[in-house]
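Dock chain B against chain A, hints included.
Those protein sequence lines, which keep their order, are chains A and B. Numbering that gives the first Met the number 0 applies: residue 0 is where the first sequence begins, and numbers increase by one. Numbering that gives the first Met the number 0 applies: residue 0 is where the second sequence begins, and numbers increase by one.
Derived by calculation from the structure, the hints in this document are not laboratory data. Computed from a predicted model, the values in this text were never measured in an experiment. Warning: the hint list may mix true and false statements.
In the SDA-like style, the derived pairs of lysine to any residue whose C-alpha atoms are separated by at most 25 Å in a straight line are [stated by the list, open to error]:
| # | chain 1 | residue 1 | chain 2 | residue 2 |
| --- | --- | --- | --- | --- |
| 1 | B | K157 | A | F68 |
| 2 | B | K157 | A | P71 |
| 3 | B | K123 | A | K125 |
| 4 | A | K125 | B | L290 |
| 5 | B | K157 | A | T67 |
| 6 | B | K159 | B | I130 |
| 7 | B | K123 | A | F228 |
| 8 | B | K83 | A | G154 |
| 9 | A | K125 | B | K159 |
Just a few of them, taken from the derived set where beta-carbon distance is under 10 Å, the chain A residues facing chain B [stated by the list, open to error]:
| # | residue |
| --- | --- |
| 10 | V110 |
| 11 | T276 |
| 12 | G290 |
Here a beta-carbon is modelled for each residue, glycine too, at the ideal position from N, C-alpha and C.
Residues per chain are reported as follows:
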Amino acid sequence: MSGSVAAASELGAIPAPPKSKRTWISRRWLNPVLVAGLVILGVMLIFVIVGPLVSPYNPTDPAFDQPTFAGPSWSHPLGTDNFGRDTATRLAYGGRTDFVIAIAGTAVTVVIGLLVGLIAGFYGGKTDALLMRVVDFTLALPYLVLVIGIIAVLGTTPTRVPGLGPLPVNVIFAIWMIGWVTYARLVRGEVLIAKNMEYVDAARVCGASTTRLILRHITPNVMAIVIIFAMADIVLNILLLSSLSFLGLGQQPPYPEWGLMVSEARDFFLRDWRMMTYPGIAVLITGAAFGLIGDGLTQALRPKG
Amino acid sequence: MLGYIIRRIIVMIPVLFALTIFTFFLVRLVPGNPASVMLGPRATPEAIASIEESLGLDKPLLVQYGYFMRDLLQGDLGDSIRKKQPVTTVIGDRIGPTLFLVFYSMILAVLITVPMATVAALNKERWPDQIVRIFTLGALAMPAYWVGMMLLQLLAVKYKIFPVAGYGDGFFGHLYYLFLPAISLALAIAALTIRSLRSSILETLGSDYVRTARAKGLSGRSVFSWHVMRNSSLSSITLLGLIFVFVIGGTTIMETIFSIPGIGQLIVRGIFDRDYPVIQGVTLVIGVIVLLTSLVVDILYAALDPRVKLS
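Next comes chain A alone, as it looks inside the complex (with noise of 0.2 Å):
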């Protein structure tokens, strides 16, 4: 114990060398954490978008003409569910539908979070302090809570969206509401750092606009911790979905969803356990990806942190 306090003690104190790993990586973005993540991601997404065209089942009516609780097979790689319909393909329609709400509702909290930060911290004032009871107010409730209070009032039938099939819209909208609070807060507090920092000012004596100095001087410098917390976003968002799919609060059956697959299993566990443990691994490799996205443009935009 003594031993490795001390050893460990020293690696704060002291700058480690520079790892040889390092030496032979010349771009700091190849770091392997950062690939493996986009690896993983990419066999996702091929999963999602490929699978429904390919596949020649149909993710949604009963299959009377299939086996039911079919374990894997060449025709079907998943096995089937308790209504005959192939596993896989209800995994990858359900996968896209977890993705076009995660991504959809995370790109544009984003935009909001970031316009309303740059203003709230660049001209502070009243602006500021009326933002800031907003965010203590929206970070007072929790997220899930907070969203099913706005589902409760919007309702949970699905719209149809031409391409995708129904969605349950509503959570989209929920996360446009309320998500945005957590990225204004960090930019506000990003961009009071970064307004009082030389390279602001000699921009200033430079005579650049406030608007120049926004976008041009303070943006890029604030967009690194945003895109950063955007990816951890994005796995919270999923698992919003899914938990509220799960709680019968977002997607409605026969469409499939990810959360609302496990929910829809917990019937024929003891018959096939198979069908509860897909989708829970889908959503644990889709999070891990980001969850590695994450860390590796961590280590890639922020070297010393």
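Positioned in the frame of chain A, the structure of chain B alone reads:
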């Protein structure tokens, strides 16, 4: 110290106010006539009229809000439409299991976090650290409902080691009945706390006072327990408030899976039953609990770390 507490409470007031406005509009913004939506398609006109009157729906919004606040200050959150009981009674009956589950899972999370974060920090960049890293990455991405469901099916339904549903009797009964939901939540919490404690231990290990302590000739064990852990856990206390919010949200799912009679299950059922007064009441109560907790955490932090009060 007293000044700090008073300042902290004053900051809380506008947030409490916003909370009442949010919960107020939760019922008013329901598309269509809230009264007929609540009562469903087969409601009699008299029933609708009675709900409209009790909510004051024919009055201007500001007056309605006034009524809402007046009732709220008297501890009246309206009546549950399904259960025909005051919402305060319904929530009061069910808050115990929820709070028990929250604290249970937080304690389990601490028991998982401290050893794993310590081992990871003391073996930085070596294999124990990598294993802990993979564990946190997995635990972070694993949906809590899935973990709960798998544990339930495997350990309760299949092997019958744990009960399938309910809350149990007595303290140890609760501990036994709530173990599976608590451990599912604890894993999700630990994913967040292990990383934070690990980095704060590393930061403390590199600080001047730890070096001084070592230079004085203190043993590694004594430096670690007296200097490193004390200061590292201090910075983790601020995380407690955030985690509390997270766990309260998570109980909603666990209570539904494990049929625990708590307020999380109540709000989910409330949505299916269109029981808006219940949804409103639970949201408000959860908000108030969270605000009070963050107040306590902040005061605790200020009491333990005198530097906070200066800012």
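We went through each hint and held it up to the structure:
no.	hint	in the structure
1	B:K157 to A:F68	holds, 18 Å
2	B:K157 to A:P71	holds, 23 Å
3	B:K123 to A:K125	violated, 45 Å
4	A:K125 to B:L290	holds, 23 Å
5	B:K157 to A:T67	holds, 21 Å
6	B:K159 to B:I130	violated, 31 Å
7	B:K123 to A:F228	holds, 24 Å
8	B:K83 to A:G154	holds, 23 Å
9	A:K125 to B:K159	violated, 59 Å
10	V110	violated, 24 Å
11	T276	holds, 7 Å
12	G290	holds, 5 Å
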